[in-house]
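Undergrad: Protein chains in written order, with this note's numbering: chain A, 1 to 284; chain B, 1001 to 1106; chain C, 2001 to 2147.
If you're looking for bench data, these hints aren't it; they were derived computationally from the structure. Predicted model only: the values in this text are computed from it and were never measured. Heads up, some of the hints might be wrong.
[Stated by the list, open to error] So, partial list: chain C residues that the calculated Cβ filter (under 7 Å) puts toward chain B:
{"id": "1", "residue": "A2042"}
{"id": "2", "residue": "Y2107"}
{"id": "3", "residue": "A2108"}
{"id": "4", "residue": "T2141"}
{"id": "5", "residue": "I2142"}
Where is the CB? At the ideal position from N, CA and C, for every residue including glycine.
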Amino acid sequence: MQVKSVGVYGLVFGLALGGFAVADPVDDVLVIDEELQITTRTNSVEGHPLPEVISGWHYRSDETRALEADSFDNPGMLGVEDGESIWHKVEGTKGNSCASCHNDAAVSMKGVGARYPKWDEKSQRPINIEGQINACRVENMDAEPYPFDKGGQKPLTAYIKHQSLGMPVEIDLSEGDMQQWWDDGKETYYKRTGQLNLSCAGCHEQNNGKNIRADHLSQGNVNGFPTYRLKQNKLISLHNRFRGCIRDTRAEFPPAFSDVLMGLEVYTTWRSTGLSVETPAVRQ
Amino acid sequence: MSKPRIKVPKKASAGDIIIIKALVSHNMESGQRKDDDGNTIPREIINKFECFFNDSPVFSCDIDPAVASNPFLEFRAKVEESGVFKFAWTDDNGTIIEAEKSIEVA
Amino acid sequence: MNNERRRLLIGALGSIGLIGTSRVYATAEEVETAIKAIAGDAQIQQGALTLNAPEIAENGNSVPISVSVDSSMTSDSYVESVAIFADANPTPQVITFHFTENSGEAYAATRMRLATTQNVVAIAKMNDGSVFTDTKNVKVTIGGCGG
C-alpha cells in the first residue's frame, strides 16, 4: 500500500506542477483505402469550448495511424465482419434476423451511426445503438437482449456504425428531453471525481496534446467507437472506455447505460459533432 | 470464430510478384497468463501457417506465443499462371482453419 | 487485499527491485544460442537482411515488424528462412518465416508482442548456407491510462 500511495502522490504532484510534456497532434490526413477521406479535424460546433475538434487518430503513432488507413490492416474489421454475419442470423422465437426487417444494412443503416444517441419516445430517455439493438431483439425478434459487452453487442454495434464510415457526427438535441440529458452529461464531464480528483475536462479539454505519464492525451472524441484497442487486441465499447477512464481517476464507476453514462454519451457525442464516423477506429 | 480475412489481387500479369495479406481471429493464448484464481491459463495458439499455389508451397511460418492475437501475416508470391491459393492455419489443439483464393493471370 | 490490489503491489515492488517475480524472461544469451544453432559454422554477416520495427511501440501487445532480404529468389539462389527472436520476452522465439522460389521476394511482415523495451533480432539463412542478421531496439511505452 505504501508504494501505491507514493504513486498517487507522484501523479498528483506532477499534475500540480503542470508537469505535462507537450506533444502536438500529428499533422496528417486520414484516407481509408486511398479513396475515402475522413474528417479528422474540423471547426467545432457552436458552444463548444475548443475551437477545433481533432480525432484521437492524430494523437497516435505512425504505425497505429497506418492500421486505420487500410481496411484490411485494420483488425477491428474482424469484428465488423462478425457483426455482418450476426445481422443475417435468425434468433428468437419470431424467426427474424436484423435483415428480415432492415434488409441491406449498407442502405438501411447508412447514416444511423452518425445520428445516435437519439431521443426514444417509448422509454422516455436517449437510446444508443446498443439500446436500439436490444429493443429490436426484444420487440421484433423475441430474443434475449444482449448483456453489456456480451454476445453480439460489440460486433453488431460496430457493423451498424461502420455503415456510416466517413459521415459527420450530428445528433438532434431538439427531440424530447435531449437537452436536459446534454446538461446532465456536461455536468458529469466537468465534475472532478475519484482519489485523483480528475474530471473528463481536466485531461481531454485542458490538457489534450500533452502526455500524462506515457499516454498522449487526446480530446476524448467518441466518433470511432467501438474502437479496436491494441492494448486489449479487441473492440472496446464506448461505455467500457468511459468506465476505464473513471476507474483511472480511482472512483467507483457507474453501470454501463446508466443515466449518468447515457448523459455523458449524449454530451461527448455532441462534442464530436462534425468529425467523421471512424468505426472501427484503431487506438493504442 | 469468424472466417479468415485474406487479400489476394483478383488479376495479375505472368511473372508479377503480388502482395498477400492474411488475418485470422484468434486469442493466441500465450500460456503465460493467469486467471483470477492464480491458475495458469493453458497455451493455445496458432502455431503454423502455410500457403500453397496450385499445390506448390509458396510461404509458411512456425509461430510462437510472441505473435499478437488475431495474427496478421503479409508476404509475397510470384505468379506465372492462373490458379488457386490455399491457406491453412494450425491451432495447438489440432484444428486447421482453411481458406482459398483464386487469381486470374494473363 | 483483493487480487487487483495484490497485482498492483507486486507489480510496483517488482519494478523497483524489492522482490523478485516468479516469471522467467529470455536473455540475450539465449537468443545468441538460438542464433548460433541456426548459423552452425557459417559466419554471421550483416547487410543483406533488413529488419523493420518501430523505434517506439505505443503498445507492446501489437508491434508491427517486417523483414526483407536482398535475393534473386531463383532456384539457384534463395532465402530459406528468416527467424525472429526477442531478448526480454518470456520466451525468445517469435516466428520463423520459410520462403520458396515461388515467394518471388523474401519479404514478410507480422505483429508481435513485446513484454518490455528490448532487442528484436532477425536471422536469415540462405540456400548456400550463408547467414545474415539484423537487430532493432524497440522501446515499449508503459504507464499510460488503462481501460
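Undergrad: Give a verdict on every hint.
TA: Now for the hints, and whether the structure bears them out:
no.	hint	result
1	A2042	21 Å, violated
2	Y2107	5 Å, holds
3	A2108	5 Å, holds
4	T2141	16 Å, violated
5	I2142	16 Å, violated
Hints 1, 4, 5 from the earlier list are contradicted by this structure; the remaining hints agree with it.
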